[in-house]
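Asker: For the sequence shown, the UniProt record's numbering puts the final residue at 281, and the numbers step up evenly by one.
Among the hints, a few may not be true.
[Said to hold, decoys possible] Simulated restraints on C-beta separations: (1) 223 / 174: 42 to 50 angstroms; (2) 278 / 100: 30 to 38 angstroms; (3) 275 / 172: 30 to 38 angstroms.
[Said to hold, decoys possible] Listed next, the in silico DSS-like pairs over lysine-lysine satisfying Cα-Cα at most 30 angstroms (straight line): (4) 213 / 184; (5) 158 / 263; (6) 184 / 263; (7) 277 / 186; (8) 277 / 158; (9) 167 / 186; (10) 167 / 184; (11) 186 / 213; (12) 213 / 158; (13) 167 / 213; (14) 167 / 263; (15) 277 / 167; (16) 213 / 263.
Everything labelled a hint here was simulated from the structure, so no lab data went into it.
For glycine and all other residues, C-beta sits at the position ideal for the given N, C-alpha and C.
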Amino acid sequence: MRQTSGRLSRLRDNNRIADSLQLWAVSVSSTTHRGRRRSWTEKFLLTSYGTCRCVVHSAVLTYCGRACPCLKNILHVYFARKTRSRTEQTNIIRYQMLRPTLILAVLLVASRSSTDVCSSPAESCDKMSANNERTFIAVKPDGVQRGLVGDIIARFEKRGYKLVALKMVTASRNHLEVHYQDLKEKPFFPSLIEYMSSGPVVAMVWQGLDAVKQGRVMLGATNPLASAPGTIRGDYCIQTGRNICHGSDSVDSANREIAHWFKNEEINDFESAQINKWVYE
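All chains should be built: construct the whole structure from the sequences, respecting the hints.
Answerer: Written out as structure tokens, the structure reads:
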């Protein structure tokens, strides 16, 4: 396509040069000028000037036109002034001078309209960002062994949250020590690492409005006996040491844990028409 466009451009330039030569040939062929006959010297000089003018025309369009297409169009108007009326020349030059301004104005309007999508109170940018909040949820080895993975996933899905990452992995001790680094000074830390490394863990990333806080509410209190009925821990477990699941306690912790368990390419932030239309207004 670029080669074809270049050939067409060169063809148009050659046609303009040919038209210019034709005009000069007609002018020179005239035997009289202002009531007197032209001499052969005058005709020769006029012909030489016309030829040089066309050569300069071609050179200027070739080299200056590459640097600025707008300048090239204006030069076409100047060199072809013999074939266009003064009004036509003026209008074309005005258009070529205003063309960059018009393009800039269109771009500014387009950028303003794109930002206006987030300007209304119902669909503010802050609200759209809140709908994309993510939290890290993990089903611990006891939850996996008891076959509760599907039930836990179903609760988040039925609530309206979007699952954007999921995998089962048997974590190493080093990996778990980094994950639970905030609890490193606690007396139960060694037994916690032993318990978490005893079997596979199902790691997940859920996305939605206020996902971190609501995820903790859905899981229930750390101590299952203090968890309200209807929460995951309140319905499925009894003792703190076997509380079947983990959830991020803050947005910063969620970001750190997600980056620790998942690579960027493992997170699938897809568009869900069902969630966007029927979960959020």
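Asker: Now tell me if each hint is right for this structure.
Answerer: Taking the hints in turn, this is what the structure says about them:
no. : hint                          : result
1   : 223 / 174: 42 to 50 angstroms : violated, 28 angstroms
2   : 278 / 100: 30 to 38 angstroms : violated, 46 angstroms
3   : 275 / 172: 30 to 38 angstroms : holds, 35 angstroms
4   : 213 / 184                     : holds, 24 angstroms
5   : 158 / 263                     : holds, 26 angstroms
6   : 184 / 263                     : holds, 25 angstroms
7   : 277 / 186                     : violated, 45 angstroms
8   : 277 / 158                     : holds, 15 angstroms
9   : 167 / 186                     : holds, 28 angstroms
10  : 167 / 184                     : holds, 26 angstroms
11  : 186 / 213                     : holds, 24 angstroms
12  : 213 / 158                     : holds, 17 angstroms
13  : 167 / 213                     : holds, 22 angstroms
14  : 167 / 263                     : holds, 12 angstroms
15  : 277 / 167                     : holds, 28 angstroms
16  : 213 / 263                     : holds, 24 angstroms
Of the hints listed earlier, those the structure fails to meet are numbers 1, 2, 7, in rising order.
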